[in-house]
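Residue numbers (the UniProt record's numbering), protein chains in the order written: chain A, 1 to 127; chain Y, 1 to 127; chain S, 1 to 127; chain Z, 1 to 127.
Quick caveat, the hints were computed from the structure, so don't treat them as lab data.
Treat the hints with care, as some may be off.
[As the list claims (entries may be wrong)] Rough simulated footprint, nothing fancy, chain A against chain S, three-plus residues with beta-carbon under 8 Å:
(1) 72 to 86
(2) 90 to 102
[As the list claims (entries may be wrong)] Just a sample of chain Z residues kept apart from chain A, beta carbon distances all over 10 Å, derived:
(3) Arg32
(4) Gly34
(5) Ile58
(6) Ala64
(7) His80
(8) Gly81
(9) Leu96
Just so you know, even glycine gets a beta-carbon here, dropped at the ideal spot from N, CA and C.
Protein chains: 4
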Amino acid sequence: MAAEFPQSKCVVEVVGNCGATVSHHVGPDELRPGGTVSGPVLMAVADVALYVAILGEIGIVPLAVTTSLTINFLRKPPGHGRIIGVCKLMKVGRSLAVGEVALYSEGFSEAVAHVVGTYSIPPRREG
Amino acid sequence: MAAEFPQSKCVVEVVGNCGATVSHHVGPDELRPGGTVSGPVLMAVADVALYVAILGEIGIVPLAVTTSLTINFLRKPPGHGRIIGVCKLMKVGRSLAVGEVALYSEGFSEAVAHVVGTYSIPPRREG
Amino acid sequence: MAAEFPQSKCVVEVVGNCGATVSHHVGPDELRPGGTVSGPVLMAVADVALYVAILGEIGIVPLAVTTSLTINFLRKPPGHGRIIGVCKLMKVGRSLAVGEVALYSEGFSEAVAHVVGTYSIPPRREG
Amino acid sequence: MAAEFPQSKCVVEVVGNCGATVSHHVGPDELRPGGTVSGPVLMAVADVALYVAILGEIGIVPLAVTTSLTINFLRKPPGHGRIIGVCKLMKVGRSLAVGEVALYSEGFSEAVAHVVGTYSIPPRREG
């Protein structure tokens, strides 16, 4: 994590069983006017959650890269409280992994955003 | 821009005619290992390009919010050079605007990523 | 259903509690070479599941229209067996509803496709 | 085309130069109440346009499959007149192709829908 996402402040809470949960402490420079968390911050948390979940399945493959990501913003997250990303993988194929991430503002039960993302998995060397 | 996106370092190059072009100088904390620009940075540039293009059509409406965004990553952008976002709006309706953004690494002709985003436009007060 | 989707052969199995389950008997003209169900058929089932789930929440509002839909194809569905669409709504706002649909081939536990869709809800007349 | 999409009534108008244009004559069973073309019909036309454009680049590779598709509905297409799909490929990589499709109702200059789709390209046998 530290090697791949050196800027990320995400903490891995749970990983395994085709999923992962990460949390992110929101900094003051990550807020938009009105005090909500900016969209790119939510996307970044989802991206990390997907990445962690996939590595939990296939092992450390540093060349896995995001190929697409669709985010729907559902509710404005308050600026205080951590952002929690809960990822469930729907497919881990030989060359492509697909997962969804529900993003929560800590303490609230309804998701603030929902992400579906795909990762390209590099071919493994045989040997 | 400064009021709505205080953290953004994007510069508005062109706006009008149902579109906008913005540029973003990539900082060292926006790179991923290998020296490419991180995905959330690309998404943030696209979000700003969409926002600027929409405001160019409907005037300053600070409550316009992104409702969804789909990004496809096409090529790894080199870490040097600015990111250029070229937005074309496809629809500016009463309550929803839809646009696409091609993201380029300065000096290259092929897009590094492509975004489609939707913005919700708040109802205007009459009178 | 019959009025809005006259061509649809979907059967509503469950509706309520912010969700819906529909089933669709696959006809011979809905297969692709190799015997799998064509993509547009899957999309159509997801669209109906979303529509039914939304009407279950807001009542019969025939002018609700799909504004966007993202589908990820996960596994090839066999041509026999019904397609089951299980929709969960993530947001039912005043003007926009967002939901996801997992599509299954009957008898298999892993989804063949996953959809996220948004519906625009027309403003209600007051009075 | 006839082999891969036996149900499709799409006609290939142009193919080549990283793009394709297809047209589709709308049948009476493809309309929704109010006389507009149903969403799945638009998706099907976009899917064919992408497929044709990709084959135009890589040759006849019957195993290329759609992996994801995002559609934004922009305007209600009138029920008469053909649907025209204009595809431009943004990337044709070794294992993944990405393209966009603007869908028009014949005789109108503004798109009725916009699609971004990805296709998985099977590895080519060497030798």
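Inset, instruction - Say whether it holds or is violated: arginine 32 (chain Z) keeps its Cβ farther than 10 Å from all Cβ of chain A. - result: holds, 24 Å
Inset, instruction - Closer than 8 Å, Cβ to Cβ, for at least three residues: run that test on the segment 90 to 102 of chain S against chain A and report holds or violated. - result: holds (count 4)
Legend entry - Outside-interface status for alanine 64 (chain Z) - nearest CB in chain A farther than 10 Å: holds, 13 Å
Legend entry - Distance rule for glycine 34 (chain Z), whose beta carbon must clear each one in chain A by more than 10 Å: holds, 26 Å
Inset, instruction - Against chain A, does leucine 96 (chain Z) hold up as non-interface, every C-beta pair farther apart than 10 Å? - result: violated, 7 Å
Inset, instruction - Decide, holds or violated, for the assertion that all CB atoms of chain A are farther than 10 Å from the CB of histidine 80 (chain Z). - result: Correct as stated: the minimum Cβ-Cβ distance to chain A is 33 Å, above 10 Å.
Legend entry - Cβ separation check - glycine 81 (chain Z) to all of chain A, threshold 10 Å: holds, 31 Å
Legend entry - 10 Å Cβ clearance of isoleucine 58 (chain Z) from chain A: Since the minimum Cβ distance to chain A is about 16 Å, isoleucine 58 (chain Z) lies beyond 10 Å and the statement holds.
Inset, instruction - Would you check chain A against the segment 72 to 86 of chain S, counting CB to CB pairs closer than 8 Å, and say if three or more residues qualify? - result: Check passed, 3 qualifying residues.
Going through the hint list in order, the structure does not satisfy hint 9, though it satisfies all others.
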